[in-house]
Structures are given as structure tokens and as C-alpha cells.
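**Q** Listed below are the residues making up each chain.
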Amino acid sequence: MIKAILIDDEPLAREVVKEYLEAFPQIEVIDECNDGFEGLKSIQQHKPDLIFLDIQMPKINGFEMLELVEPRPAVIFTTAFDEYAIRAFEANAIDYLLKPFGKERFDKALQKWLEKQSPAEVKRQTEALIDSVSQTSEQDRVVVKTGTKITIIPIADIEYLEADDDYVNIHTAGASYLKNRTMSYFEQALNGKHFVRIHRSYIVKVAEITRLDPYEKETYTAILKSGKKLPVSKTGYSKLKQVLGL
Amino acid sequence: MSVSLLHSNRLRVVFLTCWLIWAVLQAAILWWLGFRWDTAFTDSGVTNLLLMAASALISNNLQFYQPEKGRYLYVVVWCVLLAVFWLVASHYIMAYIGPGEADYSKLFYKSLPIRFSFGFLIIGWVALLSIIFYSRQDQQEAEIRKADAEKLSREAELYKLRQQLQPHFLFNSLNSISALVGRKPEEARKMVHQLSDFLRGTLKKEENEWVTLAEELQHLQLYLDIEQVRFGHRLTTEIEQEDACGDLKLPAMLLQPLVENAIKFGLYDTTGMVTITIQAACIDSYLVLTIKNPYDPTTANPRRGTGFGLSGVKRRLYLLFARHDLLETNGEKNIFTTSVKIPQV
Numbered sequence: 001m002i003k004a005i006l007i008d009d010e011p012l013a014r015e016v017v018k019e020y021l022e023a024f025p026q027i028e029v030i031d032e033c034n035d036g037f038e039g040l041k042s043i044q045q046h047k048p049d050l051i052f053l054d055i056q057m058p059k060i061n062g063f064e065m066l067e068l069v070e071p072r073p074a075v076i077f078t079t080a081f082d083e084y085a086i087r088a089f090e091a092n093a094i095d096y097l098l099k100p101f102g103k104e105r106f107d108k109a110l111q112k113w114l115e116k117q118s119p120a121e122v123k124r125q126t127e128a129l130i131d132s133v134s135q136t137s138e139q140d141r142v143v144v145k146t147g148t149k150i151t152i153i154p155i156a157d158i159e160y161l162e163a164d165d166d167y168v169n170i171h172t173a174g175a176s177y178l179k180n181r182t183m184s185y186f187e188q189a190l191n192g193k194h195f196v197r198i199h200r201s202y203i204v205k206v207a208e209i210t211r212l213d214p215y216e217k218e219t220y221t222a223i224l225k226s227g228k229k230l231p232v233s234k235t236g237y238s239k240l241k242q243v244l245g246l
Numbered sequence: 001m002s003v004s005l006l007h008s009n010r011l012r013v014v015f016l017t018c019w020l021i022w023a024v025l026q027a028a029i030l031w032w033l034g035f036r037w038d039t040a041f042t043d044s045g046v047t048n049l050l051l052m053a054a055s056a057l058i059s060n061n062l063q064f065y066q067p068e069k070g071r072y073l074y075v076v077v078w079c080v081l082l083a084v085f086w087l088v089a090s091h092y093i094m095a096y097i098g099p100g101e102a103d104y105s106k107l108f109y110k111s112l113p114i115r116f117s118f119g120f121l122i123i124g125w126v127a128l129l130s131i132i133f134y135s136r137q138d139q140q141e142a143e144i145r146k147a148d149a150e151k152l153s154r155e156a157e158l159y160k161l162r163q164q165l166q167p168h169f170l171f172n173s174l175n176s177i178s179a180l181v182g183r184k185p186e187e188a189r190k191m192v193h194q195l196s197d198f199l200r201g202t203l204k205k206e207e208n209e210w211v212t213l214a215e216e217l218q219h220l221q222l223y224l225d226i227e228q229v230r231f232g233h234r235l236t237t238e239i240e241q242e243d244a245c246g247d248l249k250l251p252a253m254l255l256q257p258l259v260e261n262a263i264k265f266g267l268y269d270t271t272g273m274v275t276i277t278i279q280a281a282c283i284d285s286y287l288v289l290t291i292k293n294p295y296d297p298t299t300a301n302p303r304r305g306t307g308f309g310l311s312g313v314k315r316r317l318y319l320l321f322a323r324h325d326l327l328e329t330n331g332e333k334n335i336f337t338t339s340v341k342i343p344q345v
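Those protein sequence lines, which keep their order, are chains A and B. Per the working numbering, the first sequence starts with residue 1, numbered consecutively. Per the working numbering, the second sequence starts with residue 1, numbered consecutively.
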């Protein structure tokens, strides 16, 4: 039996999928979710093989939810109109359903999935999609999960990022959050005018820097508004100089 | 093409009269100085005709070649040269006609500085008048062009704003209909009608048209009914309206994007039940519409709050009333309030 979860904030939209799925007795819908939070919980609980995922949903969108899911199930995306999402699907050769979709189109997508390539291939595709989405979109927030708690951090609140083994520690005024991403990912994703990688292990928001003190030959110490001191490497310093127009 | 300085009869009469009076005066002065009448009139006639020619020349030139800003020295130089030519020409013509009086040419030489100053002043005055006249004309033309361009771009902009007919809404509604067709065909049919009525209403309305609040709310209800089908499990809408407000007017399709925005904001920024309140009140000579939706201040996407809905309405209000203070937003205790004041004219 193939376990499937439907995640869409419109009950009628889930209704369509359920109706179409009746033709596939090998697939069982084990849960329906109204938003990404419910979806996340349900995925963790039921470990489905396949999810039908809407993009525009309350709080966190489909991509943001998927980013937090470990391990990731196979996904069939459904969306009504989202030029941006569609471009991402096209770019990553991912099949998606445009609402409203007919039975034939739905069957084709599902058939393709059932006769699909190796699970590893699917995983790789999804991985690439999420990376490309979160790197190219005009991001104004980062979604992190601590235990079961999901936090949405506005980019504007971030003071600096710190490398922490396989994770990145995101520091805001009052707290810090771990995110399983690489420094180079954030270096790409964040606006280079506001965030600079001043060190192998640090990305700082330029506006947070109040002072730069010489440390050793060609290296510096950046002093933030919060009083925090961060090391600035030689290359980091030259990047910083460029952004500041020095 | 600019109109000539002498395009109107009135100006022509004024110019000619002034010149005639001056010509007579000049003749009278020469007579007073002891010349014969015929000499006095010949001198006055010749010099003034030549001076008119010189003035016409410079005025005509300035009609087609406006000096650039700060290049007025050229005009002065031209005036001096024309005054000199005028004197030389006057001298030769007078010599050719040859008034019999012995003292005439002596006096002509003696009066050269006066004649020069006078000629220069008149030519200079005509030049100045022409410059002012033609540059004002250019300015007026530029202003008309600018106004036209603005009108055009305004129309284009309004058209574009209207075109932003929420494809997301449209496709999701169609998807809902698609879902209903199978199990609840009656409801599907009803929704098709609602959607058609809503779209027809949207297409019918002219951007610059004013509608009564009652009409706008009726149209809005169609939209709310559709949203109710899609999000009935989460969405409640309340419309509160003072009785006297129904006849007040507002620009068509102004309330719509605000409510759309509130619903989107409310539905996508929270996960629980969402109540959208729309209040209409008449305060002084304004129709005041207040729309409230729940939101989460800690995660509110700052851009969504001022998304297309709000900025579009703000822009429209500015184009219509040239005021920036008619739309206000305010977030307090998880409730986001948008209020718009529409001046009643």
C-alpha cells in the first residue's frame, strides 16, 4: 500500500485529488492537512510515500515546509498560479499539476510517478528544487525547526550567522537558531549588499557593524551594535571594503 | 509651430498706432528744431519705416530661433548691429532723397548718438518682447504636452491596475468548481454563476467611474461568497454599514483590492479561524471604510502587508485626489486595520 498525504489549504482542492485517487486502489490517503505546520507533523507521524503539496499556504509555503522535512517523501506539486514556483519546477524537471487539472492530466502525473525512476533520483531532484527555490527567491525570511517548534525569522532580524559543524547558527537580537544549511548556501541566498561573509565561519549584516579594529597583520575584529566581536579575515575585509565602498 | 507675435489684430493695431504717434512726434521735434515740415516728415517716415523693418527682422528671427538660456548677449549684439545698419541705411536713403535744407546732414551727424540710442532701445525692446512672448508660448505648449502625457500614462496605469485580476483567485475558484461538479453539481452551478457575475462586474466597471457604496458592497458580496466556498471552514466576513452611507460614492473597484488583501493576509498569515470585518461610516464629508483582518505581527511578511493591493489603492487615491493621506494602515494586537477615506465631492 502506498501512503499518501494531501496538503492544501482549500478542502475542495483536496476533494478533487481524493476523487481522482479513487482510481488508484493501491494508494491510500492517510491524512489531509490544512497548512504546512499540520503537514510537517503529519509527515513525521505517518512517514508517507507520497505527498500532494500546494505551494501557497498559510504561514509557511509548500517549499518552506518541504525544506524542514527529513526524510523527504516523494512530492507531487499542485498550484493554481505561481509563476515563480512554475519556473522552479521547469528548471528542475519536476512534474507539477496546475489547478484546475483534469483526470487525464492527474493520471499521467501519477502513472509517471508509479513507474518512476529510482527513489534516489527523486530525492536528488527534490533536493535540487528546494535549493534552487530558496537560493533564487527574494527571500525575506528563514524558517527553522527546533524540535517540533517552527520559527519564522525575518531576514531583517538576523544579526550574524555562524558556522557550526554541519549547521549554521542564525543569531538574532534575542536568540539563535540552528539550521542545517551550509555557509556558502547562505552567502548565496542573502543579499550581498546587506550581508557579507567576513570570515570562513561568519556572515554578518553590514548594518550591525559599528567598528572595525585592527587585530593582527591584515585581519580585523568587527564590533557589532550588540557588543559582540567577530573576526574578519583578510579576504573578508576586502569584501567588506567593497560593500562599504571604501 | 508657434504663433507670430503679430497674429492678433489688436496687437497689430496697438503696434501701428504707437509707431504712428512716435513718427508724428519725431517729425514735430524736427520741425521744432527749425526744419521744414516736408524734411521733418521725410526723415521721420524713412527712419521709422526702417526701424520697423529692423524690429520685424529680429522679432521674426526670435520666433524661430529662441536663444538658449544665458545666451542673451548674442541678442544684444544683434540689436547693436541692427541699430548701426539702421543708421547707415537711414543716412544713405536720406542722402539719396536729398532734403534741400543745408543744415540737415549736419544735424543728422550731430544727432547720431541720440538716434543710435533710440534705435537700439526700440530694437532691444522688440527683441525682449518677442523672447518673452515666444518662450511663454513654448512653455504653454510644453505644459499641455506634459498634461497630455500624464493623462495618458494615468490611463495606462489604471488599465494595468485593473488587469491585475488575481489569476490565483480565478484558477483556485475554477478548481473549486471542478471539485463540486462531481458530487454537488447544484453548488458547482451556483458558483459558476457567482464567478461569472463577479467577473462581469469587474469588466463592466470603468476605472474612473464612481459607484455608490451599496453597489460596491453588492459586487463585493459576490466575491465574498466565492471565498466562502473556498475557505468556508476558516473564513467569516462581517459587513457593518451605517444606514445613511449607502448612497455615498466611491471610485469603482477601490474597496475590492483592500478586502482581497485583508482576506489573503488573514488566511495566509494565520492558521486558525479568520474573521474579516468591513465597516462603512460617514464622517464629515468623507466615506470612511475600515477593513480589519487578523495577522501575526511576529511573522507577518512585511512585503505582503503593503503588497499590490495596498500600493495599488494608494496610487489610485493619489491619481484621483492628489493626496497621500487617504489610506492608513495600522497593526495592533494581532489585528491589522486598513482604513480609507474617500472625499465626497
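Since the hints were made in silico from the structure, they are not lab data. Hints should not be assumed to be uniformly reliable.
[Claimed, not checked] List time: in silico DSS-like cross-link candidates among lysine-lysine, alpha-carbon distance up to 30 Å:
1. 41/A with 333/B
2. 149/A with 333/B
3. 264/B with 41/A
4. 59/A with 292/B
5. 59/A with 151/B
6. 145/A with 333/B
7. 69/B with 59/A
8. 145/A with 264/B
9. 108/A with 184/B
10. 103/A with 314/B
11. 184/B with 18/A
12. 146/B with 59/A
13. 184/B with 3/A
[To be verified] Far from chain B by the CB rule (all over 12 Å, computed), these chain A residues:
14. 16
15. 18
16. 46
17. 50
18. 79
19. 146
20. 185
21. 243
Computed from a prediction, not measured in an experiment: that's the story for all the values here. All residues carry an ideal CB built from backbone N, CA and C; glycine is no exception.
**Q** Hints first: check each against the structure and report whether it holds.
**A** Results for each hint:
Between the alpha carbons of residue 41/A and residue 333/B the distance comes to roughly 28 Å, so the proposed pair stays at or under 30 Å and holds. About 22 Å separates the Cα atoms of residue 149/A and residue 333/B, which keeps this hinted pair within 30 Å; it holds. Between residue 264/B and residue 41/A the CA atoms are separated by roughly 24 Å; this keeps the pair inside 30 Å, and the hint holds. Taking the CA atoms of residue 59/A and residue 292/B, the gap is near 19 Å; set against the 30 Å cutoff, the hint holds.
The suggested pairing of residue 59/A with residue 151/B is violated, with an alpha-carbon distance near 41 Å, which exceeds 30 Å. Between residue 145/A and residue 333/B the CA atoms are separated by roughly 25 Å; this keeps the pair inside 30 Å, and the hint holds. Between residue 69/B and residue 59/A the alpha-carbon distance is near 60 Å, which puts this suggested pair outside the 30 Å criterion. A distance of roughly 25 Å separates the Cα atoms of residue 145/A and residue 264/B; the hinted pair therefore holds under the 30 Å criterion.
Between residue 108/A and residue 184/B the alpha-carbon distance is near 26 Å, which keeps this suggested pair within the 30 Å criterion. Distance restraint check for residue 103/A and residue 314/B: the Cα-Cα separation of roughly 43 Å exceeds the 30 Å cut-off, and the hinted pair is therefore not satisfied. Distance hint between residue 184/B and residue 18/A is fulfilled; the C-alpha atoms sit about 15 Å from each other, no more than 30 Å. At most 30 Å may separate the alpha-carbon atoms for a hinted pair to count; residue 146/B and residue 59/A exceed this at roughly 46 Å.
Under the criterion of a C-alpha separation no larger than 30 Å, the hint pairing residue 184/B with residue 3/A is consistent with the structure, at around 27 Å. Not every C-beta of chain B lies more than 12 Å from that of residue 16/A, the closest at about 4 Å, which undercuts listing it as non-interface. The non-interface label for residue 18/A is inconsistent with chain B: the shortest C-beta to C-beta separation is roughly 9 Å, within 12 Å. Residue placement check: residue 46/A keeps its beta carbon more than 12 Å from all beta carbons of chain B (closest about 20 Å).
For residue 50/A, the condition that its CB be more than 12 Å from all CB atoms of chain B holds, with the nearest at approximately 20 Å. Residue placement check: residue 79/A does not keep its beta carbon more than 12 Å from all beta carbons of chain B (closest about 9 Å). Consistency note on residue 146/A: stated as away from chain B, and its beta-carbon is indeed over 12 Å from all of that chain's, at 15 Å minimum. No Cβ of chain B approaches the Cβ of residue 185/A within 12 Å, the least distance being about 21 Å, so the stated non-interface status holds.
Every CB of chain B is more than 12 Å from the CB of residue 243/A (nearest about 23 Å), matching its label as outside the interface.
Of the numbered hints listed earlier, those contradicted by the structure are 5, 7, 10, 12, 14, 15, 18.
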